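This is what each chain is made of:
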Amino acid sequence: MMFKKRFSDPGTAPATLLPLGPGEASKPVFRIIEYCEKEIIESRFENFAELPQFSDDGKVRWIDMCGLGDVEALKLLGERFELHPLALEDVLHLGQRPKFESYDTHLFIVAQMLYRDKEGNFTGEQLSMFLQRNLLITIQEDLEEDVFDPVRKRLTSGRGLIRKSGSDYLAYALLDAIVDHCFPVLEKFGEAFEEMETQVLDNPGSNCVRELHNHRRNLMQLRRFVWPERDVISALLHDESGLISAQTKVFLRDCYDHSVQIMDLVESYRDVAAGLLELYLSSVSLRTNEIMRVLTVISSIFIPLTFIAGVYGMNFSQESTPSPANPLNMPELHWAWGYPACLLLMASITIGQLVLFKRRKWL
Amino acid sequence: MMFKKRFSDPGTAPATLLPLGPGEASKPVFRIIEYCEKEIIESRFENFAELPQFSDDGKVRWIDMCGLGDVEALKLLGERFELHPLALEDVLHLGQRPKFESYDTHLFIVAQMLYRDKEGNFTGEQLSMFLQRNLLITIQEDLEEDVFDPVRKRLTSGRGLIRKSGSDYLAYALLDAIVDHCFPVLEKFGEAFEEMETQVLDNPGSNCVRELHNHRRNLMQLRRFVWPERDVISALLHDESGLISAQTKVFLRDCYDHSVQIMDLVESYRDVAAGLLELYLSSVSLRTNEIMRVLTVISSIFIPLTFIAGVYGMNFSQESTPSPANPLNMPELHWAWGYPACLLLMASITIGQLVLFKRRKWL
Amino acid sequence: MMFKKRFSDPGTAPATLLPLGPGEASKPVFRIIEYCEKEIIESRFENFAELPQFSDDGKVRWIDMCGLGDVEALKLLGERFELHPLALEDVLHLGQRPKFESYDTHLFIVAQMLYRDKEGNFTGEQLSMFLQRNLLITIQEDLEEDVFDPVRKRLTSGRGLIRKSGSDYLAYALLDAIVDHCFPVLEKFGEAFEEMETQVLDNPGSNCVRELHNHRRNLMQLRRFVWPERDVISALLHDESGLISAQTKVFLRDCYDHSVQIMDLVESYRDVAAGLLELYLSSVSLRTNEIMRVLTVISSIFIPLTFIAGVYGMNFSQESTPSPANPLNMPELHWAWGYPACLLLMASITIGQLVLFKRRKWL
Amino acid sequence: MMFKKRFSDPGTAPATLLPLGPGEASKPVFRIIEYCEKEIIESRFENFAELPQFSDDGKVRWIDMCGLGDVEALKLLGERFELHPLALEDVLHLGQRPKFESYDTHLFIVAQMLYRDKEGNFTGEQLSMFLQRNLLITIQEDLEEDVFDPVRKRLTSGRGLIRKSGSDYLAYALLDAIVDHCFPVLEKFGEAFEEMETQVLDNPGSNCVRELHNHRRNLMQLRRFVWPERDVISALLHDESGLISAQTKVFLRDCYDHSVQIMDLVESYRDVAAGLLELYLSSVSLRTNEIMRVLTVISSIFIPLTFIAGVYGMNFSQESTPSPANPLNMPELHWAWGYPACLLLMASITIGQLVLFKRRKWL
Amino acid sequence: MMFKKRFSDPGTAPATLLPLGPGEASKPVFRIIEYCEKEIIESRFENFAELPQFSDDGKVRWIDMCGLGDVEALKLLGERFELHPLALEDVLHLGQRPKFESYDTHLFIVAQMLYRDKEGNFTGEQLSMFLQRNLLITIQEDLEEDVFDPVRKRLTSGRGLIRKSGSDYLAYALLDAIVDHCFPVLEKFGEAFEEMETQVLDNPGSNCVRELHNHRRNLMQLRRFVWPERDVISALLHDESGLISAQTKVFLRDCYDHSVQIMDLVESYRDVAAGLLELYLSSVSLRTNEIMRVLTVISSIFIPLTFIAGVYGMNFSQESTPSPANPLNMPELHWAWGYPACLLLMASITIGQLVLFKRRKWL
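Residue numbers (my numbering), protein chains in the order written: chain A, 4 to 366; chain B, 4 to 366; chain C, 4 to 366; chain D, 4 to 366; chain E, 4 to 366.
So here's chain A without its partners, still in its complex pose (with noise of 0.2 Å):
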């Protein structure tokens, strides 16, 4: 479906948690990541009952929760983790726009991962983000696919900033893979105009007008998903809960910069796009044009043409039985220097017009 949006039957109580239909929602998967500087435990979960209680022991945990089909599991994690029902509420809400939202003992941050299906279309696959000291716990639609496995390399790896940091700079990451992810797929759409300028100048035919309408529904699906991450990057940089570090906001700064120039190449494609679609218009009517003057030409010199031939291919009669002859039908026919004249008379028509198209630059 076009900008798939879940949503509530309206009227339904706030904070309502929605169950996702059957083949809609996989089983959830918990992955646990607990760290500090020194050491990485990496863990995996199948029920949330199963999840161990952590200790204030300093160390962050990355709780990765994939799959919407356990309400229950979902409200249970609410409970044991403070989360506001409201929030909680909007990670069923698939297909949303990121969102920022500060409540009292956590951040709430909904982003978009863009994926591209086989055919080529964009889907969104929905990240919830909950920030707390040293907690974040990150909800995907599914265990299938995400953009964090670089991050979970770098976790493991214990280069970097990373693991010296706290769970803020792990959202940061995480928000920061999310958000390049986004270059390479732009990339693809410069290839791909650049590829089509040169067929729709060329050869403009109606698979160009599908395959562009094709890439500008895409980019205004990318708009839709990537102009709110600036904004909700943009809150992050100004929260004043005390929960982001000042360290953590330079790297957000440089977050910011990269969705800032995501949104510039956007409205750059879409300007391209936009462009394209004249040039394949003007194209088409050029071409239009071109086919029309051929047409025009070469009627014109022969239709009348066709028509002298015509008159002398008529079949009046100087004989006439009962009475004297008609000199008057068409005496032409008898002339002796007829045909030659008739022949000569076609030559200069069609020579006539052809000088006249040269002038007005029809030829």
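Derived by calculation from the structure, the hints in this document are not laboratory data. Heads up, some of the hints might be wrong.
The list makes no distinction among identical chains, and a pair is therefore deemed to hold if it is satisfied within one copy or across any two copies.
Said to hold, decoys possible - The calculated lysine-lysine pairs, modelled on DSSO-like cross-linking and capped at a C-alpha distance of 30 Å, are:
| hint | residue 1 | residue 2 |
| --- | --- | --- |
| 1 | Lys41 | Lys167 |
| 2 | Lys191 | Lys121 |
| 3 | Lys156 | Lys8 |
| 4 | Lys121 | Lys41 |
| 5 | Lys361 | Lys41 |
| 6 | Lys252 | Lys364 |
| 7 | Lys121 | Lys8 |
As the structure is a computational prediction, the values presented were derived from the model and not from experiment.
Mind docking chains B, C, D and E on chain A? Use the hints.
Okay, now just chains B, C, D and E, sitting in the frame of chain A:
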């Protein structure tokens, strides 16, 4: 009528309550729900005079007046609850943009409930709300239909916060129902546009334009009602009259977010509609181009051939009764290889043109 | 003239009162209404000199000068009531955008009353207002027509607040009458566009473009006068000269709201007009396409058939006087099944083409 | 050149006074007007060295330097009156947007006087103003023409405030003359567009496009110079250097209002021009449609008829020398009612098509 | 590639210095200019290790690193001068929008120098600047070309303020050179558009579209780099780090003004380009219209005539072997005045049509 908007005659005194024309308005019915956490009482009156006096017992009261046919009752209502005359006048100006006005004794909100009529077009039913401490007065155009049944069910069942909260929460719940009511409506647009996209590309007919135009007008209507709704909720969020509690503001923030998501969808669908029109126009223009090409090719090939056939259909005669023969008159007709040579000439012209058209990519 | 706007010669001293050309302005008439809650006196003078001295008796006075033909009277008026010379100059610059200027001794407001002339086009009549305590001076272009009759009736009847309030309320009442006067005008647009919509889809002719263009120009004109009106009222709302009472500001807020509703309608109608033009263009383009299709189909079918008929109309002869027969010359003509075969060939070409066109959805 | 804009070579030191090329600039002439309320003295010098020393006698002096051909004189002028070198450099960068810059010792204003050249196109003559207490230095491109004659007359006659006020009022008077000079220019556009409207609807030819394009370019040029003018006056209004008196600011407010009115007209005319282009395009498209219709109707009717005539012009023969007759070959030709039946067939086809076209509203 | 923009793989740690691919980057060369008011020393190194230690002698140093092929050298540079790692990462992200970032120890500026390649398209060479007290580090993509030669000359010659000022003035001088470099580039656009205008009106061919599209893309590119440049300079103007002196800010204000003038020109040229496309489209549409007209006129006249000729070319026979004569079969052919009457009919049809077309203004 397009954009129905009722107005008083220019120059009438402000706060004049103008009765609606006969047939335009139905006799009002008063539905009253009184509730506190423990109990809930529903009652229904057909005359304003029957309305009981309310004691100040901490119960929340929702007076739902359905029908605008009795201007006197409206006046009495205004006097009893100290509603501002200008606000009462606005109640009768149907078809207004949603608005929020803060008066000394109450807050005044105008919203539009959107329905689809049988032909799929939108009409708005105006809802006026007066919010006082423990009292919410709503005024609808008629009794027939509204979007509040789920809210009434939540009131009766007593689940959720609604019975534990004041009249501000009730006002929020109604606004939320109105806003969320737009989501399924917008989903319909999504489906319609999906379908239309295929049709526009494959078979762009005149019904496409008609339908697309209709959708665009409906989106325009929708937008007129949704854009100011956001401002209304925003004004409620920043209201300083003390009538809106902090707790309700958290929920209003959620509702505000929904109204932003809806506006975002409306704008996206407007973009899609504009894109579809462009797609349609380029489809038609391409199709004209293609048809022209076929016509040109066929005409360009056969018009010269027909001319040649015409020439040899002329009746110039070599016989000449009184004088010697006219050997210059169409000797080809009497040449033994005349006909085959003529056919050969025709074939070679055809082949020459086909090659030319192939090169110009017209075939 | 399009956008009539009177201006002084560039470089003339500011505050020069430039007399209007002969025929442009009519001799002024002064209509004076003096009222307090208890009584109301109307009088009418043709000469400024006849105007009585006003005692400071708490009565509100409305001096309505109709006609700009006497620059001297205007000067005297300005001197007597201490009106600013730059404001007086603006009174004579007809066709201005509405504006608000706060001078030391008075507030100065320019508004435009909109009328339709016989051809349905809009013209604005400029109204200049000088607001002082207990005094309102209005200056109109001529005596003929204004939109203030309902206000005068309210004054005479003494109902409502108008007789109990000061000159600021009177100014509000006049502005309100001007603003509300736009609603019926806009309703006309709605009706016209409704009608045009059907016409554009069913029978897009050249009068459509003409009419649509006219409507768009009128909307442009309307917008030029309505947009700044809102700013004028907003400036009045925030005026701190003390001339506007708090009570009147509540009413001005209502009037401001009306001006916003009008602007909203104007913008909506501009969108509708733009949509209609697009609709018209696509209707025409679709119609061209359809006509082309019919032409192409008929031509494509008959041009080849005509060619074949032309071939067998050629006069290549098998008889040859001096030499043996030319059996190669059109033997088909002498074949017993020649004609039926020829007709069969024609029929099969026709059927082949029909099948092809059917497949391409050209039929 | 389109948008002429002079600039220094990139990288040259700032504040470099670049002499204009030969033929580009004329030798400067200094026109000096010294005035106080009682007297006025005009003088004229051709060499900067001849300029007398000015005593601080309370007189206002206006030094009007016409011609930019002598960079040395400009340098000397700058040194003597302490003009900022960056401002002096801007004096030579012709074709600039109007700007305002506040330096320590003076205010610096760049404005553009608009003229129409012989072909009706706009060119701007740059005017640089340096405002000091009791001194106004203006620098024009050449001596030929300016828009200040009415100001000079007001100075000489001594009427109005100009002789009683300081150099700030003089600067205002010049700016006002420049701004008001746009009104008659814009009126010309109004007339041209009125005329063009009729032409576009009745007879849309290629000269329309050419002319319309020209007008649009001129409006673009005008806009480039008028938009920033408003900002300049606004900056003067809010200047806090103390060089602009409160009294002058009242007049500048009036001038600001004029510049807003002009911008409003420019934007309106741009809308009109855009509307005219759309009108033109739809006129042409409608006309193409109409021509197509006629062609289609004529072709569709006669092409089938010609085909039938062609069939009965074929020479299939029933006589066959060596063999028996070929009775299948065109027996219609020998049928007694052949010709009338054929004509009847043709007539019925024609009528059938006419009915069909009538129904499709093509006739 | 369209909009080349280098980026790290999504998810890589921030501040990772990613080496450019082989062939993409050249080995760096360090050009060092040390100067004070009295002396200036230029030196050149190919290895970072060779760079001497700088004493804090009040001299200003400009380290110009040309070439990005050695990531190690960049790292060492960053360590030695305490450049922020995120800034260093940005140095390698080529194709960025200009940006300004204020770090603790230095200001960081990214700008784009615009060049035209052989085909006339723009490419930007990224310039990164690190500004510290008495030190300016600039990093260019390669050694080949830059726009700073006039600045180097001013440094060597010692004229102007440049040798007397600090590193902030040098940074200004470089930015100014970059900004002013756009003026001649834009002048080229002006010339190209002037030329194209004539061509579009006289002979709108397909190369027009191609060229226009190219220009528009180039303007889009230019705009992407020029718009943020203004923001960069504005941020420098309002920088509060103390690294920019008040004197330099006066010059930056001038540079800011230039960047505004350039943006103004870019926007104007974009308008011109859009206008040219519209002009082109209406030229083509008018031309199609004209061609259609000629075709229609010729076809409409000759098609009926040819039909008449065809009718009298039919072979309906009055002779009938076995039966009596068929006098109904084409008696006109045997009528003595048949042929002249037929020609007369044809002539009258022609004249009738010509009159009709003349009236419809098709001739």
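Hints and how they fare:
Proximity of lysine 41 to lysine 167 under the C-alpha cut-off of 30 Å is restricted to the intra-copy arrangement: shortest distance 9 Å within a copy versus 50 Å between copies. Both within a single protomer and between protomers do lysine 191 and lysine 121 lie at most 30 Å apart by alpha-carbon distance, with minima of 14 Å and 26 Å respectively. When the C-alpha separation of lysine 156 and lysine 8 is checked against a cutoff of 30 Å, the pair qualifies only between copies, where the shortest distance is 26 Å, while the shortest distance within a copy is 33 Å. In this assembly of identical chains, the alpha carbons of lysine 121 and lysine 41 never lie at most 30 Å apart, being 42 Å within a copy and 56 Å across copies at closest.
In this assembly of identical chains, lysine 361 and lysine 41 lie within 30 Å of each other by CA distance neither inside one copy nor across copies; the values are 86 Å within and 73 Å between. In this assembly of identical chains, lysine 252 and lysine 364 lie within 30 Å of each other by CA distance neither inside one copy nor across copies; the values are 66 Å within and 59 Å between. Within a single copy, lysine 121 and lysine 8 get their C-alpha atoms as close as 21 Å, and across copies as close as 25 Å, so both meet the 30 Å cut-off.
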